Each structure stands twice: as C-alpha cells, then as structure tokens.
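Taken in sequence, the protein lines are chains A and B.
At position 191 of the first sequence the residue is numbered 194 (this note's numbering), and the sequence of numbers has no breaks.
At position 7 of the second sequence the residue is numbered 10 (this note's numbering), and the sequence of numbers has no breaks.
The hints are simulated quantities; they were obtained by calculation from the structure and are not laboratory data.
None of the values given here were measured: they were computed from a predicted structure.
Hints may be right or wrong, so weigh each one.
[Said to hold, decoys possible] Ranges between beta-carbon positions, derived for each pair: (1) A/Ala39 - B/Thr179: 25 to 33 Å; (2) B/Gln32 - A/Lys128: 17 to 25 Å; (3) B/Glu151 - A/Asp210: 25 to 33 Å.
[To be verified] Stretches of chain B that chain A covers, calculated by requiring three or more beta carbons in the stretch to come under 8 Å of a beta carbon on chain A: (4) 24-32; (5) 52-66; (6) 90-99; (7) 133-147; (8) 160-174.
From the three backbone atoms N, C-alpha and C, an ideal C-beta is built for every residue, glycine too.
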Amino acid sequence: MTGNEHISQEDLALHALQTLPEGEAAAVRRHLAKCALCRDELAVLSAEVALAGLSVMQHPVPAGARQRFLDRIAADAAVSKVSGKHEARGQVLPFLRAAWIPWAMAAALAILAILLGVKNDALNKELRLASIQVAHLKDQSAQARQVLDLLTSHSAQRVLLTAGKKSVEPTGRAIYLAASGSLVFQASNLNLLAADKTYELWIIPVDGKPIPAGLFRPDASGGASVVMPPLPKGVPAKAFGVTVERAEGSETPTAPIVISGATASTAGE
Amino acid sequence: MTFDSPNPVAPSERSLKSEHDPSDDLLLQRVRNGNQQAMADVFDRYGGMVYSVALRVLKDPQQAEDVMQEIFFQLWRKPDAFVQGRGSLCGWLLVVARNRAIDIVRRRKPSDSPDQVALPSKTNLASETERNLLMERVRDVLKDLPPEQQKSLEMAYFEGLSHSEIADRTGDPLGTVKTRIRLALIGLRKALVA
C-alpha cells in the first residue's frame, strides 16, 4: 500500500473503521495526503461506515440530557458574550482580551450562581413533593396501625349479632391470603381457659402437616383475635382449626378440636 | 443477525412537519452566529441517533450521554469542524460518535478530530422521514448479508477490533476477514442506492 501503489479497498475500509494498526494507518495517511483517488474512495467508504451506525436500535436521549446540554451552551454563550469573544465567531485584540478576563470570570461565576439557583429551586420542588409523599405515607401507616390495634386490643368490645336470643356456640372467622401468607382470625364465645392453657390456631394445608398460626386467649366476653401471624407464603389451606394447648403452645394440634372450618373450595368434599 | 433490527422509537410528531424544518446547512449557519435555538434544533434532530450509537458501543448510559454531550458541545464551540459540502451532518455525527465510543472502549486517546471525517452523501438526512426510511433500508441490507460478513462488520464497527484481532477470535485467515468487512460495506452501499 506504500509508494505509488494505491491502497487496497480492504485497507481503506479498515482505515475508515479506524481499525488499522497504527503503523499501517500512518502509511495510509501518507498516501492519502498525495492521492486524490484514494481520498475519494475513502470518503465513499466512510459514508458506508456511517450507514452502519444507522442500523442500531434507536433510544431516546436520557431524561434531562437535553436540558443539561442547553444549560451548558447557555453558560458558554454567556461567557463568550461577556468576554466578547468566541474562537470561531469573532476576533478581539489580545490586550482587550486580557482586560476582559476578570470580567469574564465574574460573569461565569454569576452564571454559575444563576444555574445553581435554578438547580436549587428544582431540588426544593422535589423535596416538597417528597415531603408530601412522606406525610401521606405516615397517614396511611397510622391508619393501618389503628386498624391493627382495634383488631388485637383486649379492651375492644366484640359483639356477635344473631337472629335469636338463644345461647350461641363458640365461633371463629378466618380470612386468609395464601399467596402473601396473610391471616386475620376473630373468635367469639370461647370458653375461658385455665392460666396454664391457651388456644392455638392451626392452618390445615392442602398438603402436609397442620401449621401453627398463633396463640391467643379470649377476653372476658369470649372474644379473641389473631392478626397477621408470621406464616410461610404460598401455602394453600383446606381448613382451619382451634385447639387448646399448653400455655407455651404446641407444634402439633392436641385433640379435641374446639372449632374448625373448611375453605370454600374443600367444604363440599 | 447480530445488528439491531427493530426500531422501537416511533417517528415523533416532528416527522409530520420535517419537510418544513430548516436544513442542516441553515441550522449550522445559525449555530456559527451563536444561535442557541439552532443548536437545540440540531440536538433534537440528531441527539437520539448519536446517543444510540454510543450506547450500542459502550453499553453504559452514562458514558454514552457523556460522549453525546461532548460531541454536540464540540459542534457548538467549533461548528466549522464539520465542513459543509463534504457530506451530511448526520453521517458525520454518527462516525464521530462511533469513533469516540470506540476510543473509550479501547482506552486510547481520541484518534481523530471531527474535521478529519468527510462524508459525501446526497441523501437528505435532515428530514426525519428520510432518516427513518434509510434506517429501514440499512437494516434490511444488513439482514440480507451472509452471517460471517455481519459478524465481521459488527466486531470491527461496534467493538473496534482490528482485522487481526477478528481473525484471532474467529480463526479465519486475515485476508478473509478483510474481504468480509469490505464486502459488508459494499453491501451497505446498496441501502443508499435503493
């Protein structure tokens, strides 16, 4: 490719891609400097290299990139304006240029201060929005806490409404979401227990052994609640039951079962 | 197929009025006079393409944005770096974006200044409609290339590998690699004349 020989199209292609080793690239450059034919060919190849860039999947510029760019050129333009110069846009005598330097620096600092002020305003706005969101979350959290306190408080009044005045049997209602392992259980009319005993709630899974789902003792009216006990997620239940156990609880249910109920999908089986 | 084929970014509303948008030459003339709006228009027109090429090479959004910002800022400071009449601004920006990104990947000094890239192109790439059509044609042409040509061009273009490095990777003779790259570029020429 050196001397008077023209450069091969292969090497020109690699040169256009800037992937020739430096030694070869230098030889190509020397030849191009004096060969219009190869320069023209390189120009055509460069256009083809540019075309390859059009094949890429298009992405929008990142959020804020445009504004960052506009801020940057605005700052640059302001500095150029104050200093009265721009390399490509005007000529200023050297001594005048030197005299403008302090002013240019002052202007640049002023612009920087303005930009920082704008940025500060934007951050303040974000902070205000974040504060509002936090306050909203606090409200929601307090409300959730209130519901939890109501469900679990021993001093809350629990009344079972029935059609007649006949004495009612112990009952319980479990609301269970297997996917998240969430459970709320409320019982009524339970008998009071000796101090060394406790009621224990059980989940009877579709497959496997009963899973303990919380210990509880009823209040004076026989009411009790178990709210969100720690449970594994994703365990479908076929029934729930309550047994009487030792005060410290048990890993397996002890007969007899005080109350029990099957889930809707298994109740008819 | 190793090159990206689909384009998930639909033509923006600007494409509907692109025929009435100022030409690249006019915008650059305004940029030379310090017109920030003209520079913003250039950025809007080509920012996504420049960013996409840099992102494809670097695979890092932050670095890709840095490359994009630097290229457009250079154009703002030195609009004469792009020589009108020597090619399309779009093609010039794409080449510079790719070269800058490869310089970063290869951890080497910037290997060319923008004024050393000359691109003749009679295609009106200032029009978004034209750009989108050309993109489609380029992708179609690349899709039809033999896989080994696609792969060689991809390694050279997006990874900046030399022909000897490509030969080492693929186990193909050096001459074969060179020919494949050349043929792939010739194939791309079809997109311009289609």
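* **Claimed coverage, the stretch 133-147 of chain B by chain A - three or more beta carbons nearer than 8 Å** => Held - the stretch 133-147 of chain B has 6 residues with a Cβ nearer than 8 Å to chain A, which meets the minimum of three.
* Asked: Are there at least three residues in the stretch 160-174 of chain B whose beta carbon sits under 8 Å from a beta carbon of chain A?
  -> Coverage by chain A holds for the stretch 160-174 of chain B (6 residues, Cβ < 8 Å).
* Quick check: the stretch 52-66 of chain B, covered by chain A? Criterion 3+ residues, Cβ under 8 Å. -> Since three or more residues must qualify, the claim that chain A covers the stretch 52-66 of chain B holds, with 7 doing so at under 8 Å.
* Asked: Is 17 to 25 Å right for how far apart the beta carbons of glutamine 32 of chain B and lysine 128 of chain A are?
  -> Cβ of glutamine 32 of chain B to Cβ of lysine 128 of chain A: about 38 Å, so the range 17 to 25 Å is violated.
* To do: Apply the coverage criterion to the stretch 90-99 of chain B and chain A: a residue qualifies when its Cβ sits closer than 8 Å to a Cβ of the chain, and three qualifying residues are needed.
  => holds (count 7)
* Could you say whether the range 25 to 33 Å given as a hint is met by the Cβ separation of alanine 39 of chain A and threonine 179 of chain B? => Since the Cβ atoms of alanine 39 of chain A and threonine 179 of chain B sit about 30 Å apart, the hinted range of 25 to 33 Å holds.
* Holds or violated: 25 to 33 Å for the Cβ distance of glutamate 151 of chain B and aspartate 210 of chain A? -> With Cβ atoms ~55 Å apart, the hint is violated.
* Are three or more residues of the stretch 24-32 of chain B within 8 Å, CB to CB, of chain A? -> Since 0 is below three, the answer is violated.
In this structure, the earlier hints numbered 2, 3, 4 are contradicted, and the remaining ones agree with it.
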